[in-house]
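Enquirer: One letter stands for each residue in the lines below.
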Amino acid sequence: DAGVIQSPRHEVTEMGQEVTLRCKPISGHDYLFWYRQTMMRGLELLIYFNNNVPIDDSGMPEDRFSAKMPNASFSTLKIQPSEPRDSAVYFCASSLGDYLLETQYFGPGTRLLVL
Amino acid sequence: AQTVTQSQPEMSVQEAETVTLSCTYDTSENNYYLFWYKQPPSRQMILVIRQEAYKQQNATENRFSVNFQKAAKSFSLKISDSQLGDTAMYFCALRGGSNYKLTFGKGTLLTVNP
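Protein chains in written order, with the numbering used here: chain F, 107 to 221; chain D, 78 to 191.
Per the computed footprint, the stretches of chain F lying under chain D, defined by three or more beta-carbons under 8 Å from a beta-carbon of chain D, are:
hint	stretch
1	137-150
2	153-162
The calculated lysine to any residue pairs, modelled on SDA-like cross-linking and capped at a C-alpha distance of 20 Å, are:
hint	chain 1	residue 1	chain 2	residue 2
3	D	K183	F	S193
4	D	K183	F	R147
5	F	K130	D	Q121
6	F	K174	F	S133
7	D	K178	F	G165
8	D	K183	F	Y211
9	D	K178	D	Q121
10	D	K178	F	N156
11	D	K178	F	L152
12	D	K150	D	Q83
13	D	K178	F	P160
14	D	K132	F	T209
15	F	K130	F	F180
16	D	K178	F	N158
17	D	K150	D	Y110
18	D	K178	F	G148
19	D	K178	F	F171
20	D	K183	F	T144
21	D	K178	F	I132
Keep in mind the hints are simulated off the structure, nothing from the lab.
The structure displayed is predicted, hence computed values, not measured ones.
Ideal placement from N, C-alpha and C gives every residue a C-beta, glycine not left out.
Full structure from sequences and hints, please.
Expert: This is how it looks when you write it as structure tokens:
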């Protein structure tokens with residue numbers, strides 16, 4: 107399996123622009139997670155999906171952030187409008203729904219820089 | 078609420094030696110899982126080892142082993158025969174009960190010196 111795939115790997119944009127991050131989970135995984143990593147706050151869970159349905163979005167920082175999962179093999183995290191404080195590495199992870207196999211497998215991350 | 082604390086921001090070890098990274102946690106769940114993830118300079122998060130709280134036996138994966146002290150809420154990682162490729166940030170993480178959220182510690186930067 108190719109693992110979790112994220113695109114783009116790097117994104118540089120200007121404040122106010124819309125940013126869309128993409129994720130393809132491991133085939134067969136029922137859970138998908140979006141994390142943000144910064145020096146100040148470490149790794150934070152933003153939102154997670156089960157069978158394409160958002161379960162917990164309490165970590166989404168504000169209304170400028172939105173996430174969708176239109177099907178089992180694709181998810182997006184959108185920031186509109188972007189701000190410099192959104193600069194971070196964004197990780198997507200997926201896991202099987204089986205309770206005994208709950209290890210989360212992470213993608214390579216998208217490094218976002220908002221100027 | 079769940080918390081994970083890693084009290085060692087940075088550590089270093091000589092190649093071939095053994096090093097132990099500390100982690101303490103807090104949770105109100107009776108059943109939970111603990112993980113150590115490695116993040117090398119490539120920034121990818123890689124699972125190193127995991128431990129189910131209901132298992133008393135410490136998990137082992139090749140050169141990596143844990144010392145799980147449930148009463149003390151401690152979950153340390155021991156790396157034996159350290160290799161240069163072990164240089165990375167190491168994160169301790171906790172997942173409690175039926176909640177699929179992972180709570181991460183701040184990480185420990187491990188440098189293996191030749």
